[in-house]
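**Student:** If you read the sequences in order, they're chains A and W.
Note that the first sequence covers residues 1 to 155 in UniProt numbering.
Note that the second sequence covers residues 1 to 565 in UniProt numbering.
Source of the hints: derived by calculation from the structure; they are not laboratory data.
Think of the CB as a built atom: it goes at the ideal place given N, C-alpha and C, for glycine as much as any other residue.
Any given hint might turn out to be false.
Stated by the list, open to error - The calculated lysine-lysine pairs, modelled on DSS-like cross-linking and capped at a C-alpha distance of 30 Å, are: (1) W/K259 with A/K8; (2) A/K8 with W/K183; (3) A/K8 with W/K421.
To be verified - Incomplete in silico selection of chain A near chain W, CB under 10 Å: (4) W10; (5) T42; (6) I120; (7) S124.
To be verified - What follows is a list of derived Cβ distance ranges for each label pair: (8) A/K8 with W/I344: 57 to 65 Å; (9) W/G212 with A/R79: 47 to 55 Å; (10) W/F565 with A/E46: 16 to 24 Å.
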Amino acid sequence: MRIHHYEKLWLMIGSFILIIFLSILAIQTFFLDMGPPSHAQTINPETVRESELFANAALTEIGENEYKLAIIAEMFAFRPGDLEIPAGSTVHFTLASPDVTHGFKISDTNVNVMVVPGHISKVSHTFSEPGEYLILCNEYCGLGHEYMANTITVK
Amino acid sequence: MAHVSELPTRPTGKVVDRDTTTRIPIEDVRLSAANLSIAFLALLFGGLAGLLQGFVRSGYLELPSWISYYALLTAHGVLLVLVLSSFFSIGYLYAGTSKVLGGLHPKTIGFGWAGFALMSVGTVTAAFFILAGKANVLYTFYTPMQAHPWFYVGLSLIVVGILLNCVGMFITYQSWRKNNPGKLTPLFAFFSNAVFVLWVFASLFIAVFVVGLVIPWAFGWVPTIDPMIGRTLFWAFGHTLVNIWMLTSISAWYVSMPKIIGGKVFSDSLARVAVVILVVANVPGGFHHQILDPGLSVGLKFLHVIQTFMIIFPSLMTAFAMLATMEWAGRAKGVTSLLGWWKILPWKDARFFALIVAMFAFIPAGLGGIINASNQINQVVHNSIWVTGHLHLTVGTTVMLTFFGVSYWLVPFLSGRKMTKVLNRLAIAQTIIWASGMLIMSGAMHINGLLGSPRRTADTTYGGHNAAADWAFYEMFMALGGIILFGAIVLIVYIWTQLAFFAPKGETDFPIGEDFSEKDASPLFMDRWSIWVTLGVISIAIAYVIPLFDFISGHNPGSLPFLMF
Ligand code: HEM
Ligand SMILES: [Cu+2]
Ligand SMILES: [Cu+2]
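With the hints as extra help, turn the sequences into a complete structure.
**Tutor:** Below, the structure is given as structure tokens:
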């Protein structure tokens, strides 16, 4: 086997770019806390609705400009429904599904996470810009999937 | 020359003299042709579903109440990514292997037909339940959504049929090796064997999932199922499928393209290295579909990003080899200017034209893949219609145009006919129409995805919410691209029918590039698949043991079924 001179060069440049690229991803993931949402906690789908975490969930202030909110993603709605939060606040979302897999996507933000039954998903976001955001389910979850959406109004 | 069916004995175990025999035994022809016919039908029906989807999504069409958008989308996915790709890869690789190894082993024919029968029955069963509205679960059938149990039985028949075909291929490959000690297998056969090794990896994952977990649960023998195990096993299969059709496609680029342009294989040994990397390193790439899943740690996800990016090496090697092949072909014809070789490529030969457009489509397709797999950016595009745009560039353009290009020699090769000038011109037009339709449709999908429009959604107006206001404009282009594409499907079906039944009789060659120059021969151990399979299993284990063990021991309470019909 003989590797052509130029091919060696080509592969070396490619590997070099790849290493830089992966290093950036690694720094973002491990040092800047920008890793993808990866919460690992289980919950029984059949009891999500009655569970301590999710029953009577409401937007709760936990600090200055900081809120937490538990949301049930179910066929075909997010509960609680439409929300209102003050501009500039950070919200920590906790999500679970009592039925099938759903997606949780907030338009015009990078909030995007899968809600798989049996697991709890977590994701946080700071809403600095006022406006009406659309929360939509972006994983097919049954024949009413396209109706699964709410709004968050940031004032 | 005697017609093959009149040949006294079937040539097995010896390389057939290429100059005197261009055709293969009639049994092999029949088997290959049968597989290809189903692939072509799948394209026609799958494409029709796609056309309707584009219209429904953009609001131009309302479906009758007996069929839902999601039934169409399920049919589209199953027919195009599972049925089409498996039948085509079998039909094409069996024919080519028969050509380079001098006929398929008689046992291979037996396994081939048995596999074909199971796969066909499976396809019809699955299609029936999809169209009857009893399997609105999409081709990924994520649990705990549940379809009619017989839908899953249909799918598992397809998988078992594929496994039988794998056995068939291994028999021919190994018997050739036994009869030709000390010889390296021809490059095309090496590619075929690699594809079928990947089929085994892929099929085992999906078989464990469907047969081991889903079917008992769908028939109600087991009450619950763990959806995360399902997603993980599904994507171990799904991503391997991607490598299967890429490897099938690049076999034509590496082996046949050089012959078509009148050149030689650039480097037989480097081609084999690229193949081996794809087989060994890339199965775990499937995890990049789960970057936003719960229950997998950030560190593990990063490991999977690295494993996904292993695909970059064979891709870079392929890019280099293709351009080098083309340049050398030109230089051999006496071109001395820097880029003169580019101009004298056979642009007017549809076989070449389809392949090179396919290769060019892979540039944006590959870049999109790097974006999707990059951990953080994935959050921007995951489950948006950008992803659908991406896969119409990869499998929809790169792979499909390669399959079309292959069919321009494969179909007449099997039917004993010749491509006419008119058909060649139509085929060039078909390539241009297909590429422009995909450019429009997939371009619009990419843009809409960045604007936030979700994939797999029948209606994206969201009650007129202003976040969704910009999407309609691009959905119009998705529908427009769909019309163009469907036109191209009608055209290719016409070309295939002509090539199969009506074109003038004659000899068409299956182009096989000059195998290797002696000094560039690979070491013989390249043919020892036990090495590559072992390494592949290790790489799979590195990726999958931890998460699967976590899920199994993680006390996930499991999910009851939710019927999707
Ligand atoms: C006439 C040609 C085609 C048209 C008009 C078309 C149209 C579409 C549309 C509109 C969707 C997306 C729907 C959604 O997410 O809501 C889609 C999805 C898809 N298409 Fe196509 N398509 C065509 C050909 C193909 C081909 C040839 C392939 C592959 C061989 C393919 C593979 C797929 C796949 C895998 C999906 C994703 C399915 C899913 O998300 O479950 N398509 N297509
Ligand atoms: Cu949902
Ligand atoms: Cu949904």
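**Student:** Hints first: check each against the structure and report whether it holds.
**Tutor:** Here is how each hint holds up against the structure:
1. W/K259 with A/K8: holds (25 Å)
2. A/K8 with W/K183: With Cα atoms ~28 Å apart, A/K8 and W/K183 stay inside 30 Å; holds.
3. A/K8 with W/K421: Violated, because 42 Å separates the two Cα atoms, which is more than 30 Å.
4. W10: holds (5 Å)
5. T42: holds (5 Å)
6. I120: holds (7 Å)
7. S124: Violated, because the Cβ-Cβ distance from A/S124 to chain W comes to roughly 12 Å (cut-off 10 Å).
8. A/K8 with W/I344: 57 to 65 Å: Violated: the Cβ-Cβ distance is about 28 Å, outside 57 to 65 Å.
9. W/G212 with A/R79: 47 to 55 Å: violated (35 Å)
10. W/F565 with A/E46: 16 to 24 Å: For A/E46 against W/F565, whose Cβ atoms are near 22 Å apart, the range 16 to 24 Å holds.
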